[in-house]
Amino acid sequence: MKHLYSCLLICNVLLGFAQSTDTANATELDDIILPVKKYPFISAKVEYGALSNSLSAIELLNFVSQDFLDNDEKEELLNSVPASLRFGYLRSFSAGYHEPGYNIFGAYKKGWGISVRNTYYNSARLNKDLLNLIFYGNKPYSGTTVNASNSRYETWYLLDTLLPLKITLSIHSGHDHSYYGVKKASIYTDPQGAYLDMDLDYKTRDKDGEAHPMAGIGASVGAAIDLPIKEKGSLNIAISDFGVMYWNKGSVLNADSAFRFEGVYFSNIFDLNDSIRDNASDDYTSAFYYGESKGYYRLMPFNLSATYTHRVEKNTWLREVFIGANYRYLAGYFPQLRGGARIKTAHKQQLTAVATVGGYTWAGLDVGYDFQIGRDWKFALAIHNINGLVIPVMSGGAFGTISVQYRL
Amino acid sequence: MKPYISILLLAILVVSCKPDPKIPKWDVEALTPLVSTRMDIGDILADSNLVTDANGLVSVVYQNRLATILPDEIIRPLSADFENTIKLKDIDLGSPTISDAISLGFIAKDGTAMGQFIVYNNGKKTILPGFTSLPKKDFPIDATSIFQSISLITGEMTIEIQNDFPVMLTDINFNLKNKNSGTVLVQKIIDTLRPQQTYTETFSLNGLTIEGNLITKLASLSTPGSGQDSVVIDTSRKIFITVSLDNLVPSSATAIFPDQILANDTADTEIEAASAQLTSVKVKSGSIYLNATSTIEDQISLDYSVPGAKQNGIPFSILENVPPAPPGGTSSKNTSVDISGFNIDLTGRPTYSNIYNTFYTILLGKIDSTGNLINLSLQDSVLLQTGVTKLTANEGYGYLGKDTSTADDINEVDFFGNLQNVNIDLEEVKLKLEFVNHIGAPIDIQIDQLLSSNANSPQGINQGNSTALTWTGLGSLYTIPAATLSVLNTPTPSSLELTLDKNNSNLDKLVEANPNFFKTKVGSFLNRSTTTPDYNQFIFSNYGIDTYLNLEIPMHFAATDIHISDTTAFDYFSLDKDGQLQQGTLKLISKNHFPFGGTVDIILLNDDGVRLGTLSSSDRVLPGKTNNAGKTIEEVRSILNFPLNAKQVENLKKTTRIVMDVHLQTPSPTEKVKLYDSDYLDMTLSGDLTIRTR
Numbered sequence: 210m211k212h213l214y215s216c217l218l219i220c221n222v223l224l225g226f227a228q229s230t231d232t233a234n235a236t237e238l239d240d241i242i243l244p245v246k247k248y249p250f251i252s253a254k255v256e257y258g259a260l261s262n263s264l265s266a267i268e269l270l271n272f273v274s275q276d277f278l279d280n281d282e283k284e285e286l287l288n289s290v291p292a293s294l295r296f297g298y299l300r301s302f303s304a305g306y307h308e309p310g311y312n313i314f315g316a317y318k319k320g321w322g323i324s325v326r327n328t329y330y331n332s333a334r335l336n337k338d339l340l341n342l343i344f345y346g347n348k349p350y351s352g353t354t355v356n357a358s359n360s361r362y363e364t365w366y367l368l369d370t371l372l373p374l375k376i377t378l379s380i381h382s383g384h385d386h387s388y389y390g391v392k393k394a395s396i397y398t399d400p401q402g403a404y405l406d407m408d409l410d411y412k413t414r415d416k417d418g419e420a421h422p423m424a425g426i427g428a429s430v431g432a433a434i435d436l437p438i439k440e441k442g443s444l445n446i447a448i449s450d451f452g453v454m455y456w457n458k459g460s461v462l463n464a465d466s467a468f469r470f471e472g473v474y475f476s477n478i479f480d481l482n483d484s485i486r487d488n489a490s491d492d493y494t495s496a497f498y499y500g501e502s503k504g505y506y507r508l509m510p511f512n513l514s515a516t517y518t519h520r521v522e523k524n525t526w527l528r529e530v531f532i533g534a535n536y537r538y539l540a541g542y543f544p545q546l547r548g549g550a551r552i553k554t555a556h557k558q559q560l561t562a563v564a565t566v567g568g569y570t571w572a573g574l575d576v577g578y579d580f581q582i583g584r585d586w587k588f589a590l591a592i593h594n595i596n597g598l599v600i601p602v603m604s605g606g607a608f609g610t611i612s613v614q615y616r617l
Numbered sequence: 049m050k051p052y053i054s055i056l057l058l059a060i061l062v063v064s065c066k067p068d069p070k071i072p073k074w075d076v077e078a079l080t081p082l083v084s085t086r087m088d089i090g091d092i093l094a095d096s097n098l099v100t101d102a103n104g105l106v107s108v109v110y111q112n113r114l115a116t117i118l119p120d121e122i123i124r125p126l127s128a129d130f131e132n133t134i135k136l137k138d139i140d141l142g143s144p145t146i147s148d149a150i151s152l153g154f155i156a157k158d159g160t161a162m163g164q165f166i167v168y169n170n171g172k173k174t175i176l177p178g179f180t181s182l183p184k185k186d187f188p189i190d191a192t193s194i195f196q197s198i199s200l201i202t203g204e205m206t207i208e209i210q211n212d213f214p215v216m217l218t219d220i221n222f223n224l225k226n227k228n229s230g231t232v233l234v235q236k237i238i239d240t241l242r243p244q245q246t247y248t249e250t251f252s253l254n255g256l257t258i259e260g261n262l263i264t265k266l267a268s269l270s271t272p273g274s275g276q277d278s279v280v281i282d283t284s285r286k287i288f289i290t291v292s293l294d295n296l297v298p299s300s301a302t303a304i305f306p307d308q309i310l311a312n313d314t315a316d317t318e319i320e321a322a323s324a325q326l327t328s329v330k331v332k333s334g335s336i337y338l339n340a341t342s343t344i345e346d347q348i349s350l351d352y353s354v355p356g357a358k359q360n361g362i363p364f365s366i367l368e369n370v371p372p373a374p375p376g377g378t379s380s381k382n383t384s385v386d387i388s389g390f391n392i393d394l395t396g397r398p399t400y401s402n403i404y405n406t407f408y409t410i411l412l413g414k415i416d417s418t419g420n421l422i423n424l425s426l427q428d429s430v431l432l433q434t435g436v437t438k439l440t441a442n443e444g445y446g447y448l449g450k451d452t453s454t455a456d457d458i459n460e461v462d463f464f465g466n467l468q469n470v471n472i473d474l475e476e477v478k479l480k481l482e483f484v485n486h487i488g489a490p491i492d493i494q495i496d497q498l499l500s501s502n503a504n505s506p507q508g509i510n511q512g513n514s515t516a517l518t519w520t521g522l523g524s525l526y527t528i529p530a531a532t533l534s535v536l537n538t539p540t541p542s543s544l545e546l547t548l549d550k551n552n553s554n555l556d557k558l559v560e561a562n563p564n565f566f567k568t569k570v571g572s573f574l575n576r577s578t579t580t581p582d583y584n585q586f587i588f589s590n591y592g593i594d595t596y597l598n599l600e601i602p603m604h605f606a607a608t609d610i611h612i613s614d615t616t617a618f619d620y621f622s623l624d625k626d627g628q629l630q631q632g633t634l635k636l637i638s639k640n641h642f643p644f645g646g647t648v649d650i651i652l653l654n655d656d657g658v659r660l661g662t663l664s665s666s667d668r669v670l671p672g673k674t675n676n677a678g679k680t681i682e683e684v685r686s687i688l689n690f691p692l693n694a695k696q697v698e699n700l701k702k703t704t705r706i707v708m709d710v711h712l713q714t715p716s717p718t719e720k721v722k723l724y725d726s727d728y729l730d731m732t733l734s735g736d737l738t739i740r741t742r
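Each protein sequence line maps, in turn, to chains S and L.
By the working numbering, the letter at position 338 of the first sequence is numbered 547, and the numbering carries on one by one without gaps.
By the working numbering, the letter at position 137 of the second sequence is numbered 185, and the numbering carries on one by one without gaps.
Warning: the hint list may mix true and false statements.
Simulated pairs of lysine to aspartate or glutamate, EDC-like, Cα-Cα distance not exceeding 16 Å [unchecked claim]:
hint, chain 1, residue 1, chain 2, residue 2
1, L, Lys-73, S, Glu-282
2, S, Lys-348, L, Glu-77
3, L, Lys-70, S, Asp-276
Hints in this document: simulated from the structure, not taken from any laboratory.
Assemble the whole structure, with the sequences as input and the hints as a guide.
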């Protein structure tokens with residue numbers, strides 16, 4: 210039965226996948242330079258979108274907007290996928306209050322702040338064979354061996370409380386989490402369905418799929434350092450959300466076995482009572498599985514970045530150029546290289562353009578625009594992988610950020 | 049922190065419901081094994097009924113008790129009561145005796161000249177002159193230590209007077225009377241009483257009342273003196289008087305009653321045992337009781353025993369004391385003792401001979417004297433009730449007599465396990481009727497009827513298809529020897545076997561009908577041929593005569609239909625809780641090493657037993673490949689497809705019970721095949737299913 214569960218598990222993993230997110234760009238846009246006021250302010254930010262290495266924005270939109278996929282639609286969808294599908298999906302709300310520190314009459318007044326962030330990550334890297342299994346089932350592949358190895362899927366749903374001190378200390382309240390890591394999955398289906406030959410090595414960590422007020426608790430730190438390089442250059446190295454989360458009473462399963470599944474065996478076909486069924490299932494499970502309900506730890510989806518910025522001479526429209534690298538600890542996320550510039554477009558307005566390689570897409574262009582209205586309002590808008598919107602049939606998807614700040 | 053911060057934080061929580069991305073549904077084609085099983089011969093036929101020979105050929109063996117005749121009762125339940133009332137007239141007051149004496153000095157104290165002479169010469173030797181009379185004198189006699197008063201219906205008083213004076217006494221005039229009432233009990237004149245002579249006389253006391261305080265009055269006394277002889281004058285010498293009461297029949301008394309036996313009765317009790325002459329029984333249940341009620345102000349001790357009733361060698365006995373009754377009241381004692389497990393000798397008293405079915409009891413009642421004065425009257429009594437209550441026996445020993453019993457039993461049988469409605473032709477059937485006798489007497493047995501029925505209930509046997517046994521032995525008498533007793537005193541049965549087969553009966557027809565019941569009518573006759581009573585016989589109530597059916601059916605047969613049908617609970621949503629199954633095909637993949645094949649239908653039923661549909665296949669489970677001897681030599685693979693359309697899926701969701709309905713046939717209706725213990729049927733049920741994602 211364990212093996213049956215294995216098959217179903219793989220299906221579930223794949224059925225649960227959707228889109229991806231790239232939060233590295235969002236961090237970048239947070240740093241857009243606005244006139245620094247030494248007054249307290251409140252801020253709010255919304256991040257939403259999905260990115261993929263092979264699915265276009267249209268395809269992603271079609272996927273989530275349809276109620277049912279027929280075979281043609283499945284085929285069209287899967288034709289876009291090369292050897293594997295990578296995607297990330299992010300939805301995040303945050304709000305905060307800040308009192309910046311500043312010098313006054315030769316003395317430095319310390320600042321402080323607090324912000325709360327509600328975040329949902331959904332990320333995956335799925336083998337093409339596994340996708341085929343998910344969308345078509347195993348029957349089309351009976352008589353052959355399907356290799357669904359090297360796949361990973363993970364979701365996070367949590368609430369963060371961030372306290373930006375010298376380093377940012379975050380306390381995380383987990384609502385839900387799931388992780389499916391398939392290291393090896395080789396499946397052969399007998400043409401008549403008499404048996405399945407499986408060679409599986411996978412792990413799952415699954416809370417339960419429900420949103421709990423407090424299903425897990427964790428802590429992380431974030432820190433950044435600016436290193437001046439020559440007169441106009443600086444190197445910024447930053448890490449955020451680096452910590453662990455403890456999930457209480459989740460399903461922990463480690464499977465590593467090769468076996469033939471011939472159905473649940475009943476010693477007496479004429480006596481299929483509940484207890485015998487349960488015993489048969491238990492026997493099978495204990496033979497191939499190690500699974501239990503207990504608490505577990507997971508490394509948080511941290512973000513690590515390094516950016517070199519070169520400031521340009523004043524009074525020119527080009528303020529600065531930068532290059533850097535970024536990595537997010539999410540399933541299917543490749544290290545991303547970035548290069549871009551910030552351009553002054555008007556008084557208290559700025560445009561940022563970034564070219565990227567890696568992440569959840571092969572390559573893309575991020576665009577951000579931030580501006581101030583009056584004395585108190587500041588806005589920042591950004592679209593990541595804007596090429597996925599401009600040319601919707603082009604793979605990659607898109608991801609947006611809206612940030613607003615009000616001076617008190 | 050300012051309030052708007054809190055508002056912001058709250059807002060972020062409110063808008064943050066779980067943001068699972070919406071996923072469309074689609075159908076996947078799953079091909080997977082679901083369940084698998086191996087059926088062997090033990091799954092088809094009950095394992096416990098199977099034996100195999102050296103070659104592995106399977107036979108069904110079956111033993112079933114067809115009839116049991118138990119002893120109706122060894123003895124009839126026995127209850128017997130005895131009553132014994134002891135009245136006062138039966139009470140022994142004993143023979144109380146009072147003694148007193150009158151000294152010479154006492155007589156001399158009357159103040160006469162002769163008295164002064166005697167006193168003066170006390171201790172001297174002198175001639176005592178004669179004198180003719182003395183003044184009247186009373187001598188008290190105190191018997192209150194024995195009784196205060198006794199009113200007699202009849203009685204006797206004996207008076208002894210011994211003369212210890214040195215001279216002869218003459219004209220002794222005395223009487224004995226009650227001190228208080230003055231009633232004269234005795235009036236007597238004794239003419240002569242020589243020295244050392246004793247006078248004795250008995251007087252009737254009929255109708256008199258005797259008081260404990262009596263007075264003897266000496267009215268006159270004379271002596272001729274010592275004549276010429278000198279005698280020693282000794283004033284301490286006496287005339288001894290003894291008064292004894294005897295043969296007292298009181299109407300009432302206030303007395304100290306001596307230890308005495310009130311009752312000593314032995315009684316015989318006979319049990320009813322039909323024509324049996326039992327020498328002993330073991331009591332299964334029953335009790336012996338003793339109730340006593342007394343108005344006597346003294347303790348009554350009772351001993352009620354059954355010497356022939358023993359347990360662990362100890363005779364049965366009830367020992368009880370009835371306490372003294374209060375004045376004017378009664379005291380009682382009620383005792384009942386369970387005698388289950390006692391062995392009772394039924395040969396009567398030791399002095400008897402050739403007596404059976406009889407035991408005796410002894411009642412002994414006594415007054416244990418307390419030494420106190422006790423009031424009694426004619427109305428006083430001791431009422432004793434004894435007896436046996438509901439005595440039954442579970443073991444009987446002795447000649448059991450002659451008896452006739454019949455058994456008309458219906459017994460459920462199950463020769464072929466899960467197989468139903470078998471249409472089968474058996475090559476061979478062997479049957480033995482075995483009669484087992486646990487009674488220590490010869491039994492003649494007679495089989496009047498044996499029939500098999502495939503009715504569904506015993507009540508339906510007369511309506512169902514029945515097959516009666518035809519056999520030359522029906523109605524004949526067969527003798528089963530007597531059982532013997534083991535050293536542990538349990539029956540070692542004897543038995544008789546009668547063999548039936550296809551040659552002398554239609555037995556195979558009874559079996560091939562795959563009956564649910566066997567009906568048997570058997571008669572038994574106890575000691576039918578016994579001419580002289582044998583007192584070494586025994587009978588135990590839990591052991592009788594059993595009739596067994598011992599059947600052996602070698603699995604060498606041809607069958608046009610062996611029907612296996614089994615119902616099991618089914619809950620679709622325990623397998624597909626979200627109802628994802630759309631349609632598909634169930635595949636039954638079989639590898640058959642049995643020499644028969646057949647069809648399988650899956651019948652879907654709801655709670656009310658209504659058939660919702662049937663999953664059928666046009667394919668068959670093919671039989672294994674057999675050789676000329678009918679033995680399977682190679683398994684054969686078959687695939688049965690059960691299409692599942694959308695309507696059948698809906699029916700499955702409503703199904704609460706499924707019936708696996710299997711019909712099996714041998715390859716040929718005439719060529720018989722053999723079942724071996726190595727035969728099997730491997731089945732895998734796989735699903736070729738269209739499943740909609742969640």
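Structure-based check of all given hints:
1. L:Lys-73 with S:Glu-282: Between L:Lys-73 and S:Glu-282 the Cα gap is close to 12 Å, so the pair holds against 16 Å.
2. S:Lys-348 with L:Glu-77: Status holds; Cα separation ~5 Å.
3. L:Lys-70 with S:Asp-276: Given that 16 Å is the threshold and the Cα spacing comes to 9 Å, the pair holds.
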